[in-house]
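*Asks:* Chains as they are written, first to last, in the numbering used here: chain A, 1 to 583; chain B, 584 to 1166.
For the record, the hints were derived by calculation from the structure and aren't laboratory data. Check before you lean on any hint, since a few could be wrong.
Residues of chain A placed beyond 12 Å of chain B at every Cβ, according to the derived structure [as the list claims (entries may be wrong)]:
id, residue
1, A10
2, K65
3, W93
4, G231
5, L335
6, A373
7, S487
Just so you have them, the derived chain B footprint on chain A, three or more residues with Cβ under 8 Å [said to hold, decoys possible]:
id, segment
8, 392-402
9, 449-457
Given the structure is predicted, the values throughout are model-derived calculations rather than measurements. C-beta: ideal position from N, C-alpha, C; glycine also.
Number of protein chains: 2
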Amino acid sequence: MLLEKIQSPADVKKLSADELKTLAAEIREALVRKVSTRGGHCGPNLGVVELTIALHRVFDSPRDKIVFDVSHQSYPPKMLTGRARAFVDPAHWEDVTGYTEPTESEHDHFLVGHTSTSVSLALGLATARDLKGGDWNVVAVIGDGSLSGGEAFEGLDNAGEYATNFVVVVNDNEMSIAENHGGLYRSLAALRESGGAASDNYFKALGFDYLYVEEGNDVAALEEAFRKVKGTKKPVVVHVHTRKGLGLRCAEERKETFHWSGPFDPETGKPRGEGGENWPDVLRDYLVGKIESDPDVVVVHSAVPVGIGFTEDVRKRVGKRFVDVGIAEEHAVALVSGMARGGAKPVYSTHGTFIQRAYDQISQDLAVNGNSATILVTMSGADGMNDASHLCIFDIPMISGIPNVLYLCPTCVEEFRAMADWAIDQRERPVAIRVPNAVQHRNAAFDADYSGALRYRIEREGAQVALLGLGDFFERAERAADLLAESGIRATVVNPRFASGVDGETLDALAATHELFVTLENGSVAGGFGEHVAARLAARGAKTLVRGLPKEFYDRVPFDELLRRNRLMPEQIAEDALAALGK
Amino acid sequence: MLLEKIQSPADVKKLSADELKTLAAEIREALVRKVSTRGGHCGPNLGVVELTIALHRVFDSPRDKIVFDVSHQSYPPKMLTGRARAFVDPAHWEDVTGYTEPTESEHDHFLVGHTSTSVSLALGLATARDLKGGDWNVVAVIGDGSLSGGEAFEGLDNAGEYATNFVVVVNDNEMSIAENHGGLYRSLAALRESGGAASDNYFKALGFDYLYVEEGNDVAALEEAFRKVKGTKKPVVVHVHTRKGLGLRCAEERKETFHWSGPFDPETGKPRGEGGENWPDVLRDYLVGKIESDPDVVVVHSAVPVGIGFTEDVRKRVGKRFVDVGIAEEHAVALVSGMARGGAKPVYSTHGTFIQRAYDQISQDLAVNGNSATILVTMSGADGMNDASHLCIFDIPMISGIPNVLYLCPTCVEEFRAMADWAIDQRERPVAIRVPNAVQHRNAAFDADYSGALRYRIEREGAQVALLGLGDFFERAERAADLLAESGIRATVVNPRFASGVDGETLDALAATHELFVTLENGSVAGGFGEHVAARLAARGAKTLVRGLPKEFYDRVPFDELLRRNRLMPEQIAEDALAALGK
Chain A
1 MLLEKIQSPA DVKKLSADEL KTLAAEIREA LVRKVSTRGG HCGPNLGVVE LTIALHRVFD
61 SPRDKIVFDV SHQSYPPKML TGRARAFVDP AHWEDVTGYT EPTESEHDHF LVGHTSTSVS
121 LALGLATARD LKGGDWNVVA VIGDGSLSGG EAFEGLDNAG EYATNFVVVV NDNEMSIAEN
181 HGGLYRSLAA LRESGGAASD NYFKALGFDY LYVEEGNDVA ALEEAFRKVK GTKKPVVVHV
241 HTRKGLGLRC AEERKETFHW SGPFDPETGK PRGEGGENWP DVLRDYLVGK IESDPDVVVV
301 HSAVPVGIGF TEDVRKRVGK RFVDVGIAEE HAVALVSGMA RGGAKPVYST HGTFIQRAYD
361 QISQDLAVNG NSATILVTMS GADGMNDASH LCIFDIPMIS GIPNVLYLCP TCVEEFRAMA
421 DWAIDQRERP VAIRVPNAVQ HRNAAFDADY SGALRYRIER EGAQVALLGL GDFFERAERA
481 ADLLAESGIR ATVVNPRFAS GVDGETLDAL AATHELFVTL ENGSVAGGFG EHVAARLAAR
541 GAKTLVRGLP KEFYDRVPFD ELLRRNRLMP EQIAEDALAA LGK
Chain B
584 MLLEKIQSPA DVKKLSADEL KTLAAEIREA LVRKVSTRGG HCGPNLGVVE LTIALHRVFD
644 SPRDKIVFDV SHQSYPPKML TGRARAFVDP AHWEDVTGYT EPTESEHDHF LVGHTSTSVS
704 LALGLATARD LKGGDWNVVA VIGDGSLSGG EAFEGLDNAG EYATNFVVVV NDNEMSIAEN
764 HGGLYRSLAA LRESGGAASD NYFKALGFDY LYVEEGNDVA ALEEAFRKVK GTKKPVVVHV
824 HTRKGLGLRC AEERKETFHW SGPFDPETGK PRGEGGENWP DVLRDYLVGK IESDPDVVVV
884 HSAVPVGIGF TEDVRKRVGK RFVDVGIAEE HAVALVSGMA RGGAKPVYST HGTFIQRAYD
944 QISQDLAVNG NSATILVTMS GADGMNDASH LCIFDIPMIS GIPNVLYLCP TCVEEFRAMA
1004 DWAIDQRERP VAIRVPNAVQ HRNAAFDADY SGALRYRIER EGAQVALLGL GDFFERAERA
1064 ADLLAESGIR ATVVNPRFAS GVDGETLDAL AATHELFVTL ENGSVAGGFG EHVAARLAAR
1124 GAKTLVRGLP KEFYDRVPFD ELLRRNRLMP EQIAEDALAA LGK
């Protein structure tokens, strides 16, 4: 196998044209085998095989610096930079992360997981090079879908000002995660159709020289283009037309499904493993129901519509009542603020790790204005995603630090529906709802009104110890209380229902009859729910244990291990409570 | 006076061409009088007088919706929509805010203070209109300087996709706050020079129709253009060339100085009032010294270089060692991460209210990567800015929620220099430093090393009560301790030095000998320094009073009143401590 012999880009440079074809085929084979078995980014990586080979044949990495945006195209680059074994040999599949990672290789300059960042990061490398008088090339590789993010624009605009070596490779596979959205994409289409000659060139408008390569999956054509720009003294865009999913029929035909996927049968494209109840389906059914029963409801998403189960058929069904703005979280939040102001009932949804891309917009465009948009923060908690670049544990500190926003944390599907019904209809303020990962059900009655000074709900009355289990960790509080009961302690169990403040009255009342409080949250504790509660209780000198996850960028730690490490298993919670009570 | 009789835009529509000239002159006179006396945004408002008149003559506000970006151009619009008195009559000057404000008028649709947001907000109004079948016009007015912000791009890109009525007026006065930066601005210049005919039109590239108006300070020319686009069924940009500062010589000649200014003599342009020591001067001297003594240091700013005293002469002096990226905070943070990775020593500075525009970049581009950029958060605290849209009190919760970032809080100029010296030279992690507003000096020795597990500094050893005064509030802790001494309590006074975590060892040791802790911080308490401390101490049941500002968008509350309201005056702190001790 050729691939196994590639220790570094120097080995790629030595290959003949025929060998390069073999190498490309082997890369695809390894990719499909690994991704179809354990899941991962499929389509984007299949599309950039030749692009990566050509980059490494023309440029001299790591002396020349190549920065891959969002890293969804990082598997082939890893294979050509000494990490082939992590794709070829199943025993070593877990040796590498799914993203570029400087600790793995000198060819990786940044850990990149969120999108639209490569141009700015690479420009920083170019600026440092110019300060130091270096003469190497700096290359940013960015997908067409990532161009819709404001940070990419800011980087391109700034780079366009400098008369220095800077190459941006636009990997245009005609797709974001789903289809592209935005006027820019008509321009890109016009450029593709005209062989790069169309007028009103976006990249030229920002100050770049421009080169188009139609054969983006042809190593020779790519090499020729890269040789032209190597050593450039001006910023230049190489616009490359690639085919997402190339080499795997199901991925070519169903680009969105195979952007990222769990394990699947590569012959049929059918997913492996069980289905089971999941939040995207719950959210889809709920939101489609809302759209169909209330003409004012609009659902907005930023490029990951499958996060709410809005697959292509659903999108067709609801038409204009669903708006995908592309990768543009800032705009999405400002847009829903405007929609709410205009009398609509907008619901914006994004994953917990991405909501942080719109801090200022939640604060300024939405919360200062008090507009009544609803935000669903999906995949929240440590059981969401567990790559260091995709942790979903910082949303509570972030959102609960912003005035005017009510952050509701339902304990189960039924409570979610009650909260969302109210949030969407009310006109008083922005409301965020934390959608967990685990699908839990509770057979109970839930309030229909969450306005005014929201109160905690005491679900089990006890004494001595009060356990406050936020959202999906409510169940954990109940289980810890069951264990405490075995030790003769009848613990109070509280469903706090919201994280954006505290119910001081309830806390004060409980403090009169309880020696110990334990807060439980599926998120980073620094600035989170538990700290808000502890600060209130500390004024009375009440003992409080704040339990959640430490403020850390942990990488791929299994959920249960993380919980155990941070004493969040029910038996640990009970044990610590007993110890704190001196029992 | 004509202006006093303008009750609504309908009155503007009735005026003759001669009367419009008189009106424009009266608006400018009122503007200059108010702004030169009490300070405010001068140049941007002087430039849009005719633009505002023309907009209100052609469109029918509030039925047609006009959304002004960043509101720096909001004074003339306020004068023409029933709020002239707040500019003409000094007794009513404080009746209106400096920003668009829906509670003031039905012509204002959003409270806007941060920039680059108008397109997205207005598109939300347009989407809601289309849902409801309305036929009014929606107009966003955005300055050329604001176009560099990623959110504006995201909004334009999304809007370019829809076949619906949407007008974007680009008010091009050839300036951001300082000069513009970015390749886009060469395109705008080319459009101005070619009367709108230049190729590679940025707006067309994003899907907009396009119209250029060279005479941006001519009501008739503007009216003609606006009549052409009124009722459009497609998104269209009207690119208007205006003159910033028109009508006031000093503002026309020194556009940057008079973008915003304190009181000044309108004849000479000289500032009124005392100079005195200030942080921009301290920072300028410090940073220029660094640049001149260390070839690796680069200073980066996003459009408000006067915040660090980098006026035009200073910028010329340091040349390429200073980078102004324009209004592009996201890019700025990613850029300095790249610079640090490339071996430079970058220092990025922005105000406390704007750092929140880069939450995700601090987290992902910088902190996950552990790159050693230094961020100076200027004007931090409630004595920074006090408009609801510009509060500088949320930086501690925000930054201290992000892993890997050390947030240092110096108590005085001398400690700032010691911390910054270390931060800039170290290579282990990103460091943010909170630069307060009040210039305080302390005659003491400060550590040269802030690496590893940073410890609190006990500056005065006592018993019973420990006062932890963060940053500029350290002095307040000292004064409260002096008052407590008068009551026979020798309080411990702690300089915590950092807000991004706690020194648990010191807290635990103090808890053994102190009954009460009081934390003091010049910022929002929700998720801030005090809550981190209280959570640690609550595990031991130690009584802690967390003192700072409530999580609120208060508007223009004087600093002392705010402190008194939140029991932050030294005598209130001492009084509350005594009460908590039961004395």
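*Asks:* In terms of Cβ atoms, is chain B entirely out of 12 Å range of A:L335?
*Replies:* violated, 5 Å
*Asks:* Over 12 Å from every CB of chain B: does A:K65 meet that, or does the non-interface label fail?
*Replies:* Its Cβ does come within 12 Å of chain B, the nearest being 8 Å, so this is violated.
*Asks:* Do three or more residues from the segment 449-457 of chain A put their C-beta atoms closer than 8 Å to C-beta atoms of chain B?
*Replies:* violated (count 0)
*Asks:* Quick check: the segment 392-402 of chain A, covered by chain B? Criterion 3+ residues, Cβ under 8 Å.
*Replies:* Answer holds; 6 residues pass the 8 Å Cβ test.
*Asks:* Is the claim that A:G231 lies outside the interface with chain B correct, judged by CB distances over 12 Å?
*Replies:* Fine: 19 Å to the nearest Cβ keeps A:G231 off the interface.
*Asks:* Checking a non-interface call: every C-beta of chain B should be farther than 12 Å from the C-beta of A:A373. Is that right?
*Replies:* violated, 9 Å
*Asks:* A:S487 clear of chain B by more than 12 Å, beta carbon to beta carbon?
*Replies:* A:S487 is indeed farther than 12 Å from all Cβ atoms of chain B, at 20 Å.
*Asks:* A cut-off of 12 Å on Cβ-Cβ distance, and A:W93 was said to be off the interface with chain B. Does that hold?
*Replies:* About 23 Å separates A:W93 from the closest Cβ of chain B, which puts it past 12 Å; holds.
*Asks:* For A:A10, which was marked as not at the interface, is the minimum beta-carbon distance to chain B over 12 Å?
*Replies:* Per Cβ check, A:A10 is outside 12 Å of chain B; nearest 23 Å; holds.
Violated hints, listed in ascending order, are 2, 5, 6 and 9; each of the other numbered hints is respected by the structure.
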